[in-house]
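**Q** What follows is each chain in one-letter form.
Protein chains: 2
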Amino acid sequence: MKKKNKKVNAAILIIGNEILSGRTQDKNISFISNWLNLKCGILVNEVRIIPDLEKVIVKSILELSKNFNYVFTTGGIGPTHDDITAQSISRAFKIKYEYHKEAFQILENYYGKSNFNDGRKKMAKMPRGSKLIYNPSSAAPGFIIKNVLSFPGVPSILNSMIENCTRYLIKGSKIHSKTINLFTVESNISKKLGLIQKKYKKFVDIGSYPFFRLGKIGVSIVTRSTSKVKLQDVKRELVKLVKLKKIQILKI
Amino acid sequence: MKKKNKKVNAAILIIGNEILSGRTQDKNISFISNWLNLKCGILVNEVRIIPDLEKVIVKSILELSKNFNYVFTTGGIGPTHDDITAQSISRAFKIKYEYHKEAFQILENYYGKSNFNDGRKKMAKMPRGSKLIYNPSSAAPGFIIKNVLSFPGVPSILNSMIENCTRYLIKGSKIHSKTINLFTVESNISKKLGLIQKKYKKFVDIGSYPFFRLGKIGVSIVTRSTSKVKLQDVKRELVKLVKLKKIQILKI
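Protein chains in written order, with numbering that gives the first Met the number 0: chain A, 0 to 251; chain B, 0 to 251.
A portion of the hints provided could be inaccurate.
Because identical chains share one entry, a pair is satisfied inside a single copy or across any pair of copies.
[What the hints assert, rightly or not] Calculated lysine-lysine pairs in the DSSO-like style (CA-CA distance at most 27 Å, straight line):
| hint | residue 1 | residue 2 |
| --- | --- | --- |
| 1 | Lys-245 | Lys-26 |
| 2 | Lys-201 | Lys-58 |
| 3 | Lys-145 | Lys-58 |
| 4 | Lys-6 | Lys-58 |
| 5 | Lys-239 | Lys-197 |
Please keep in mind that the hints were generated in silico from the structure rather than gathered at the bench.
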C-alpha cells in the first residue's frame, strides 16, 4: 500500500528579551527544528523571537496557532516576574490560568513542603486543561494546551524534555535530505539549478548555500523531499550538471 | 541641556530555509542586535525567521515595516533561484524591480565583463530608488528601500558590511546595561525582584536568567535602561536584596 504524503508543520515562538538583545545566542531553534524534522516528519515553517510582553505574546500565539499545526514556545515558564508565558497563553485562549494539580504535586515533592515558596508554586500555574510535558532534569513541567506546547528556555532542560511531548504529536511523512558540496561559486550553477528546481518544484526543495572551507569557496546544494525516488532523480541531474561544468566535488 | 530619551526600534527578518530546517545555526541575530544596541541605541523588538517564499516574505515585510522603525533582512540576495528577497520587497512595496546602475557597475568591475553572467547580474537588481549598502568583502551590495535594509546571509560578509548602513539610521538614546551574577536560584529572589521591577517599570528592564557555572547553579540579573542614574538605583536595591538573603556574588 502506498503511504499518503502527509504534511505537518509547526512554528517556534522564542519568548525572551535576552535573545532579542543579542546577549544570549539562541540554541533552541536549530535543536527543535532538527528534532521535529528527523523524529516527527514535522517541518518548521516560521520562527518568531519576541519580548516578555503579554500583549505581544498573546498576539503571536493567536496568529501562529491559527496558521500552523503546532506552536512550540520556549522561555518564560520559570519563577520570576518576567516569566509570563503560561498566563499569556491563558489570556490568548481565554482559558482560566490556575494551578495544575499534578504539576503542583510534582513540584512540592521535588522542593519539599518547607521550601515550596510562591515563586516555585507559580511554575505549577498554567491554562486550565493543560496536559503536562514531564521534565526529567529540573522537575518543573512544560505543558500543552490546544496546539501550543510550552518549554523552558534553558537548552539543556529543554533537550531533556523534548521526547516527552512525542505522544501528543501527529507525525508527518519522513523528510529526506541529500547534500552535495561543490568547489564552485553559486553564479556558475545558478541558471541550471533554477531550471532543475522548476522541474521538480512540487516534490523537491533545492537550496544553495555558499561556504568557505580548506581555503576555497564552495556551494552546498541541499535537497529535501518526502520522496526518496524524486531525491535520487534530482541527484542524477545535479551530477550531470557538475560533470558538464567540470566542477570539483568535495562531498556527495 | 538634557537630552530627550529617544526610543528607536527595529525588527530582524531572517530569510532562509536552511535556518528554519535547523541545518544552519543562525549567527546574524545576536550580531545585528548587539550592533544596533551598542552602536546605534536601537532596540530589536522582534525577529522572524521565514522560508524563501515570496508570499511569506511580502507579508512579513509589510507587517514589520509598519510596526517598527527599521527592518533588517538577511539572506536571499545571492545569484541563485532561491534568492528572492529583492524581488519580494519590490512586490511588497509595489515598486519596480530593476537593475541598479551603480550596483551593476560595481559587480561588472568586480567580475570583469566576460565573467559577468546572468546569475551575477541578478545581484544588481533591486527595488527602484534603493540606496546601496557597500560590501567590502564580496562586492555585491545590500540595499535600503523605505525603512527596510537588506543584507546577505553569510555572517562574515554581513559583519563586514554593517558599518556601511550607519549613515541611513536615526540613532536612539544609548542603552546601558548592568549584569549581576549570583549563586542562588531564581525562586529565592523572584518575589523581591518582581517588586523592584514594578517600582522601576518605566525606566529599567530587569531580566533574570538561570546559569550553571563552576558546578553551581546561579542567576544572572540583567538590567537595561537609557538612564545610568536609574540603573544605579536598581543596582543599589539589588545589592540590598543580596545582603538580606546572604547570597554569594559571583560577579557584580
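**Q** Hint by hint, note whether the structure agrees.
**A** Structure-based check of all given hints:
1. Lys-245 x Lys-26: For Lys-245 and Lys-26, the Cα distance exceeds 27 Å both inside one copy (38 Å) and across copies (33 Å).
2. Lys-201 x Lys-58: between (33 Å within a copy, 22 Å between copies)
3. Lys-145 x Lys-58: both (16 Å within a copy, 26 Å between copies)
4. Lys-6 x Lys-58: both (25 Å within a copy, 22 Å between copies)
5. Lys-239 x Lys-197: Cα proximity of Lys-239 and Lys-197: one copy only (17 Å, versus 65 Å across).
Hint compliance for this structure: hint 1 alone is broken.
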